[in-house]
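Colleague: Sequence lines, in order, name chains A and B. Just so we're aligned: the first sequence equals residues 4 to 249 in the working numbering. Just so we're aligned: the second sequence equals residues 4 to 249 in the working numbering.
Any given hint might turn out to be false.
For identical chains, the list gives no copy identity; a pair is met inside one copy or between any two copies.
[Unchecked claim] Derived lysine-lysine pairs resembling DSBU-like cross-links, with alpha carbons at most 30 Å apart:
#	residue 1	residue 2
1	Lys53	Lys133
2	Lys150	Lys133
3	Lys50	Lys133
4	Lys163	Lys133
5	Lys197	Lys53
6	Lys197	Lys150
7	Lys163	Lys197
The hints are simulated quantities; they were obtained by calculation from the structure and are not laboratory data. Please read these numbers as outputs of a predicted model, since none were measured by experiment.
Listed below, chain by chain, are the residues.
2 protein chains.
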Amino acid sequence: MTDAPYELYYWPTIQGRGEFVRLALEEAGAPYVDVARGPGGMAAMMKIIKGEGTHGVPPFAPPFLVDGALVIAQTANVLLHLAPRHGLVPDDTAARLAANQLMLTIADLVNEVHDTHHPVATGLYYEDQKPEAARRSQGFTTERLPKFFGYFEAILERAKGRHRHLIGTSLSYVDLAMFQVLSGLDYAFPRAMKHLAPSLPRLLALQTGVAARPRLAAYLASERRLPFNENGIFRHYPELDLPTKH
Amino acid sequence: MTDAPYELYYWPTIQGRGEFVRLALEEAGAPYVDVARGPGGMAAMMKIIKGEGTHGVPPFAPPFLVDGALVIAQTANVLLHLAPRHGLVPDDTAARLAANQLMLTIADLVNEVHDTHHPVATGLYYEDQKPEAARRSQGFTTERLPKFFGYFEAILERAKGRHRHLIGTSLSYVDLAMFQVLSGLDYAFPRAMKHLAPSLPRLLALQTGVAARPRLAAYLASERRLPFNENGIFRHYPELDLPTKH
Chain A
4 MTDAPYELYY WPTIQGRGEF VRLALEEAGA PYVDVARGPG GMAAMMKIIK
54 GEGTHGVPPF APPFLVDGAL VIAQTANVLL HLAPRHGLVP DDTAARLAAN
104 QLMLTIADLV NEVHDTHHPV ATGLYYEDQK PEAARRSQGF TTERLPKFFG
154 YFEAILERAK GRHRHLIGTS LSYVDLAMFQ VLSGLDYAFP RAMKHLAPSL
204 PRLLALQTGV AARPRLAAYL ASERRLPFNE NGIFRHYPEL DLPTKH
Chain B
4 MTDAPYELYY WPTIQGRGEF VRLALEEAGA PYVDVARGPG GMAAMMKIIK
54 GEGTHGVPPF APPFLVDGAL VIAQTANVLL HLAPRHGLVP DDTAARLAAN
104 QLMLTIADLV NEVHDTHHPV ATGLYYEDQK PEAARRSQGF TTERLPKFFG
154 YFEAILERAK GRHRHLIGTS LSYVDLAMFQ VLSGLDYAFP RAMKHLAPSL
204 PRLLALQTGV AARPRLAAYL ASERRLPFNE NGIFRHYPEL DLPTKH
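Isolated chain A (complex conformation):
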C-alpha cells in the first residue's frame, strides 16, 4: 500500500463485479478514485487493458485496481490483495485460504447469475436469447440457487451462534461479497428470493448486519452507490423470475 489513493477501474454505469471491490474499499475507509467514472477515465481504463502503463500482466477485463506500481485484475485477486491490508480477513493461513475459497464460490454464483440473461453469448443482447434465458433461469432459481444458498447457510450454521460471519468471528470481505450477492438477487429475482427466505435465516441476518454498518450504510445512501439496472449482472426481468404462484 502506498500513500496515494487506490485507483479502481470498472465500467462506469453498472455495479457489476467492480462493486465487490468498492464495498471492501468503502468498509475499510480506504481512499480510492473510481477512475472510469471521472473525466477521461474510460480512455485511461482502455489504455491499461491494452497493456500500456504496466510492465506486468495487463488485465483481461475490468475490474482492476492500481496500487502504486501494481496493476491487479480479477475480482477475487484484487480482494486477496486488499483484505489483509485493511483488516478484512483474519491473519491465519487457514482462514485466508477458506476466505478465498468462499470468494471464488461466490464468483461462480455470480457467473451463473450473469448467464441467466446471457446463456448463449455475451456478445448478443438479452432480447436475442430470451427463450434460452428462460430455460436457464428456471434451472437457476429452482436448483442452482437453493444449492448455493444451502451451502452458505450451512457454513453459518456450523458456526453455532458464535457470530454471523462466514469466516472467523468478525466481518470479512466474504461477508461483504455475500451481502452484495443477496442484494443483487433481491433485485433480480424477488419472487425466488421470497420463496427461499424461510430457509436462509442466517444469511439474511448477515445481509442486514452488513447494511447497518456505519460506513456501509453511508456508502449505500450515497451517489457513489450506483443503482442496480438492466445493463449489469443482476437484472430484473420479471419473466425470468419464479412464476407468481410458485
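Given chain A's structure and the hints, the job is docking chain B onto it.
Modeller: Same frame as chain A, but now just chain B:
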C-alpha cells in the same frame, strides 16, 4: 506441507478441473493419493463435501486437496497454496498476484468451455440442449476463443523472446494450466484450433515445452492421465466445432 502425502479429491473418471491440480503435483514430484480413484474413495469424498471430517469450511464441489489439517477447495485456491511450496511460482508478491490473475482468467475460459455443451443447465444432458449448445459454441469458437488466446499470446509476446513462460522466467503453474487448456481444446475443437494455430506461435511453443518436461512426459504417458472423454469439460462433439470449410 506435512510429511504425509497430499490427498486429492476429484471425480474419478474425468480430467476436469482436478487435472490442473494433478499437473502441478506431478511436475513437482509431490507424493499424493488420488483418493476418489481408489476403493472407498467416492464415499470419502462425499463425506468431506457434507462437512464431516473438517472443522473449517467444506468444499462446494471437487476438486479439493487435503494437506494435513487443511481442506482446500476451488482449483485456483488449491494452486495458490501448492505452487509456492513447490517452486511453481516466483517468490515476489507482484508475480504471485499476476499468476493468480492469469489462473483465474484461465478458469473463466474453462467455464466458457463447459458452457459450450451445457449452456442451459448443468443438470441436463447435452442431448437436451443441442441447439443452444450449437449457438453458444459458434460464438465461442469465433469470438471468445480468439479473444482469450489473443490476450495470452500477447503476454508471451511482451516477454520479448526472453522465455516461453507466462510468469517470470521459468515454469510456473500457470504454464501447466495453459498447457492443459490448449490440450483440452485440441481435443474438443480441433478445427477451431487448427484455424487459430497460425496466430498462436508462442502459446503452441509453450504447450510443446510443457509436454516435453521429463516428469510431465512420464505422467502423460502413464495410466494416471485419464483420457479426455465426453463426460468431462473438454468434449469432442464435431457438430459444435467450426464447420469443415471455415
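Colleague: Please go over all the hints and tell whether each is borne out by the structure.
Modeller: The hints, checked one at a time:
In this assembly of identical chains, Lys53 and Lys133 lie within 30 Å of each other by CA distance neither inside one copy nor across copies; the values are 33 Å within and 36 Å between. With identical chains, the CA atoms of Lys150 and Lys133 are at most 30 Å apart both within one copy (24 Å) and between copies (25 Å). Taking identical chains as interchangeable, the C-alpha atoms of Lys50 and Lys133 are never at most 30 Å apart, the minima being 34 Å within one chain and 39 Å between chains. Taking identical chains as interchangeable, the C-alpha atoms of Lys163 and Lys133 are never at most 30 Å apart, the minima being 43 Å within one chain and 45 Å between chains.
When the C-alpha separation of Lys197 and Lys53 is checked against a cutoff of 30 Å, the pair qualifies only between copies, where the shortest distance is 26 Å, while the shortest distance within a copy is 43 Å. Only within a single protomer do Lys197 and Lys150 lie at most 30 Å apart by alpha-carbon distance; the minimum there is 16 Å, versus 39 Å between protomers. Taking CA atoms no more than 30 Å apart as the test, Lys163 paired with Lys197 passes inside one copy only; the shortest distance there is 25 Å, against 55 Å between copies.
This entry does not satisfy hints 1, 3, 4, going by the numbered hints stated previously.
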